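J.: Sequence:
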Amino acid sequence: MESTNHYFRPLGLIILFCLFPVWVLAQTVSVTGMVKDASGEPIIGASVVEAGTTNGIVTDLDGNFKLNVSAKGSLKISFIGYQTQTIPVAGKKQFDITLKEDAKVLDEVVVVGYGQMKRSDLTGSVVSVNDEAIKKSVVTSVDQVLQGRAAGVQVQANSGMPGGSSSIRIRGINSLNASNEPIFVIDGVIIDGSTGSGSDNALASINPSDIVSMDVLKDASATAIYGARAANGVIMITTKRGQKGEAQITYDGYIGWQEMPKKLDMLNLREYAEHKNVRSGKDYSGNDWGIVNKDNNFVRPDLLGEGTDWQDEMFSKAMMTSHNLSVTGGTDKSNYALGAGYLNQDGIAVGSGFRRLNLRGSFDAQVKSYLKMGINFAFSNSRQKLTVSDESLIRTALLQSPSVAVRNAEGTFDGPDTDEWVQTNPVGLAMIKDNRNEKMGIRANTYAEATIIDGLTFKTELSFDYGVTNTYKFDPSYTFGAIENTDRQGTFSKSYNKFWSWRNIVNYMKTFGVHNVNAMIGQEMQESKWEYLMGSRMGYLSNAATDLTLGDAATAKNNGNSGESSILSYFGRLFYSYDDKYLLTFTLRRDGSSKFYKDNRWGWFPSAALAWKVSNESFLKDNNIINNLKLRLGWGVVGNQNVPNNAYKAIYSSVATVWGTGLLAGNTPNPELKWESTYSSNLG
1 MESTNHYFRP
11 LGLIILFCLF
21 PVWVLAQTVS
31 VTGMVKDASG
41 EPIIGASVVE
51 AGTTNGIVTD
61 LDGNFKLNVS
71 AKGSLKISFI
81 GYQTQTIPVA
91 GKKQFDITLK
101 EDAKVLDEVV
111 VVGYGQMKRS
121 DLTGSVVSVN
131 DEAIKKSVVT
141 SVDQVLQGRA
151 AGVQVQANSG
161 MPGGSSSIRI
171 RGINSLNASN
181 EPIFVIDGVI
191 IDGSTGSGSD
201 NALASINPSD
211 IVSMDVLKDA
221 SATAIYGARA
231 ANGVIMITTK
241 RGQKGEAQIT
251 YDGYIGWQEM
261 PKKLDMLNLR
271 EYAEHKNVRS
281 GKDYSGNDWG
291 IVNKDNNFVR
301 PDLLGEGTDW
311 QDEMFSKAMM
321 TSHNLSVTGG
331 TDKSNYALGA
341 GYLNQDGIAV
351 GSGFRRLNLR
361 GSFDAQVKSY
371 LKMGINFAFS
381 NSRQKLTVSD
391 ESLIRTALLQ
401 SPSVAVRNAE
411 GTFDGPDTDE
421 WVQTNPVGLA
431 MIKDNRNEKM
441 GIRANTYAEA
451 TIIDGLTFKT
461 ELSFDYGVTN
471 TYKFDPSYTF
481 GAIENTDRQG
491 TFSKSYNKFW
501 SWRNIVNYMK
511 TFGVHNVNAM
521 IGQEMQESKW
531 EYLMGSRMGY
541 LSNAATDLTL
551 GDAATAKNNG
561 NSGESSILSY
571 FGRLFYSYDD
581 KYLLTFTLRR
591 DGSSKFYKDN
601 RWGWFPSAAL
611 AWKVSNESFL
621 KDNNIINNLK
631 LRLGWGVVGN
641 QNVPNNAYKA
651 IYSSVATVWG
661 TGLLAGNTPN
671 PELKWESTYS
681 SNLG
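Position one of the sequence shown corresponds to residue 1 (full-length UniProt numbering), numbered consecutively onward.
Just so you know, these hints were derived from the structure itself, not from any lab.
Predicted model, so just to flag it, every value in this text is computed and none were measured.
Among the clues, some could well be false.
Unchecked claim - Simulated crosslink set (DSBU-like; lysine-lysine; CA at most 30 Å straight-line):
no.: 1; residue 1: Lys118; residue 2: Lys36
no.: 2; residue 1: Lys510; residue 2: Lys333
no.: 3; residue 1: Lys244; residue 2: Lys118
no.: 4; residue 1: Lys136; residue 2: Lys262
no.: 5; residue 1: Lys333; residue 2: Lys459
no.: 6; residue 1: Lys72; residue 2: Lys36
no.: 7; residue 1: Lys510; residue 2: Lys240
no.: 8; residue 1: Lys581; residue 2: Lys621
no.: 9; residue 1: Lys66; residue 2: Lys36
no.: 10; residue 1: Lys368; residue 2: Lys498
no.: 11; residue 1: Lys557; residue 2: Lys581
no.: 12; residue 1: Lys36; residue 2: Lys93
no.: 13; residue 1: Lys92; residue 2: Lys66
no.: 14; residue 1: Lys613; residue 2: Lys581
no.: 15; residue 1: Lys649; residue 2: Lys598
no.: 16; residue 1: Lys92; residue 2: Lys36
no.: 17; residue 1: Lys368; residue 2: Lys459
no.: 18; residue 1: Lys76; residue 2: Lys92
no.: 19; residue 1: Lys621; residue 2: Lys598
no.: 20; residue 1: Lys66; residue 2: Lys135
Claimed, not checked - Pairwise CB distance ranges, derived in the manner of DEER restraints:
no.: 21; residue 1: Ser681; residue 2: Thr28; range: 43 to 49 Å
no.: 22; residue 1: Asp622; residue 2: Val212; range: 32 to 38 Å
no.: 23; residue 1: Pro301; residue 2: Ser78; range: 48 to 54 Å
no.: 24; residue 1: Asp265; residue 2: Ser137; range: 29 to 35 Å
no.: 25; residue 1: Ser70; residue 2: Arg407; range: 38 to 44 Å
no.: 26; residue 1: Pro301; residue 2: Asp419; range: 37 to 43 Å
no.: 27; residue 1: Tyr466; residue 2: Asn293; range: 57 to 63 Å
no.: 28; residue 1: Leu533; residue 2: Leu303; range: 57 to 63 Å
no.: 29; residue 1: Ser137; residue 2: Thr460; range: 32 to 38 Å
no.: 30; residue 1: Tyr466; residue 2: Ser392; range: 28 to 34 Å
no.: 31; residue 1: Ala665; residue 2: Ser477; range: 36 to 42 Å
Just so it is clear, CB atoms sit at the ideal spot from N, CA and C, and this is done for glycine as well.
All chains should be modelled from the sequences, with the hints used to inform the complete structure.
T.: Pasting the structure below:
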């Protein structure tokens, strides 16, 4: 009897351990859900974490998430500007989560078009990102700041290279033919978000450490004040300024490394040989039917090694360093801020990198009791390596055969045995080609604001933005295995961009008992000019001598163009609040653009919005559950003028003929070309 008990005891333990994994799995459940705001819009990048653990995820572009958590655990959901929620799982597998706005930020001042408002008084759709969110992240450009931090804003990188641009979409796509990028207004200076190619990023010149807040105007009732250029939304950026007090010196910096989080699963040499042998097989009669030629080097795939891992050769750990130094201070009548920043980011791909130097300063002074004046400036200089992106070398690396070595026995770059239907050596090209751009820009604005009577002010402001871009490219001669290039070619281009604007604004703000009025009227004129010049030569004697003047003068080519555009605008806004419960905002803008024929040059862009602060009503005012409830209804019209200059005209270009130089029409004139208008409504 005793021996029998000893026999069943280990057997019971074995059965228990066999059932243990099943019991553990039963305690973990897969939960899915969606996170949205009070208006029903999905929140992109919201944090969903199992409370008390590091197990978490962020919501996708549709606000959805999927996470494996303990059946007895809780979900902790958070996003900037919203109250954090903790929800018990309690056996549920599907969650529909609505985040509430954080009441602490309701009295924050939000930057809107040509002015500021309390967040609680907003009738349009505006979302903000403050400097605290920026400090917690490691970003190198303005577009990255918005990624995952603003509901309804989608940011997608056009290329993975340092300093590369991103596509920003606010509430989706608004145009089929023109650009869908928003405009950026940086301390009053407008920068077009249409950055062009994946490598060229106009926003990369701005140091994120200089930013104190970003306010995204999303719906037409908020953006219509910018009329002709606001169809895709407006992003207002405010940089740091001095504050009253002793001088404060601030430094922040970091040194870090970047690497690929995960490689693509590609065939090694042994697997590639087996795959190619199958593709070069024979039919049942012994005749060749393969779609590729047989390779005698692959007769015994089992004897082959791993071959070349082109991802390992093309990518590596890369260092990134950033340093920022600022000095701020002020007195009762003036304040100042000075700052400098340096960023050096090596790309994880061979032949890529980005370097930037920033200087900025601002000065504000109360010159008279009724007069305030100030100036703000920012200087930037950057250098970007473009070889990997412009030559599509990452794609080439993924297509290259693992049978091709990076270098041969002599230490020089190797290549395939044939030049037909093969890829070149991407590492070799990235190392020997010179393809880079260098940019210099200065942005500044100065203003004077006079108080005429109590509540009535007049402000005049002059802004300008000047930029120069130099692009250098040299294609050397090389021999990579059977692939050979004997033509050396050098190209140099220079472009100038000049923008200025002058605006005059009269603002009246007054409170009469329970009536609050804020009225603004203004006028603005803007002008943009640009020039482009390019030259190239071939016939260089050496790969070491790359200056444009050292090429063969007989092969010289050049090209260039220039253009300008201007906008004249008149605008106004009226905000009215009754008893801090019922809000009305009405805006109207009239724009005239040089991009259209005189009969179609002017456009009207109105908007209106209503809001009801339900939480300020007597029946909800002392409610402990609801601290902010506001219903909004908005409608507006905004424009899009992102069409080529002079598209309504016939453009002629010179052409050489046997009879001499002549003119050739490059397009058909279209005098009926008009504004692209976008109508939108917002209820929430």
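J.: Confirm or reject each hint.
T.: Outcome of the hint check:
no.: 1; hint: Lys118 x Lys36; verdict: holds, 23 Å
no.: 2; hint: Lys510 x Lys333; verdict: holds, 24 Å
no.: 3; hint: Lys244 x Lys118; verdict: holds, 22 Å
no.: 4; hint: Lys136 x Lys262; verdict: holds, 24 Å
no.: 5; hint: Lys333 x Lys459; verdict: holds, 18 Å
no.: 6; hint: Lys72 x Lys36; verdict: holds, 24 Å
no.: 7; hint: Lys510 x Lys240; verdict: holds, 28 Å
no.: 8; hint: Lys581 x Lys621; verdict: holds, 11 Å
no.: 9; hint: Lys66 x Lys36; verdict: holds, 15 Å
no.: 10; hint: Lys368 x Lys498; verdict: violated, 33 Å
no.: 11; hint: Lys557 x Lys581; verdict: violated, 68 Å
no.: 12; hint: Lys36 x Lys93; verdict: holds, 18 Å
no.: 13; hint: Lys92 x Lys66; verdict: holds, 13 Å
no.: 14; hint: Lys613 x Lys581; verdict: holds, 5 Å
no.: 15; hint: Lys649 x Lys598; verdict: holds, 12 Å
no.: 16; hint: Lys92 x Lys36; verdict: holds, 19 Å
no.: 17; hint: Lys368 x Lys459; verdict: holds, 15 Å
no.: 18; hint: Lys76 x Lys92; verdict: holds, 15 Å
no.: 19; hint: Lys621 x Lys598; verdict: violated, 55 Å
no.: 20; hint: Lys66 x Lys135; verdict: holds, 28 Å
no.: 21; hint: Ser681 x Thr28: 43 to 49 Å; verdict: holds, 44 Å
no.: 22; hint: Asp622 x Val212: 32 to 38 Å; verdict: holds, 35 Å
no.: 23; hint: Pro301 x Ser78: 48 to 54 Å; verdict: holds, 52 Å
no.: 24; hint: Asp265 x Ser137: 29 to 35 Å; verdict: holds, 30 Å
no.: 25; hint: Ser70 x Arg407: 38 to 44 Å; verdict: violated, 52 Å
no.: 26; hint: Pro301 x Asp419: 37 to 43 Å; verdict: violated, 25 Å
no.: 27; hint: Tyr466 x Asn293: 57 to 63 Å; verdict: holds, 58 Å
no.: 28; hint: Leu533 x Leu303: 57 to 63 Å; verdict: holds, 58 Å
no.: 29; hint: Ser137 x Thr460: 32 to 38 Å; verdict: holds, 37 Å
no.: 30; hint: Tyr466 x Ser392: 28 to 34 Å; verdict: holds, 33 Å
no.: 31; hint: Ala665 x Ser477: 36 to 42 Å; verdict: holds, 40 Å
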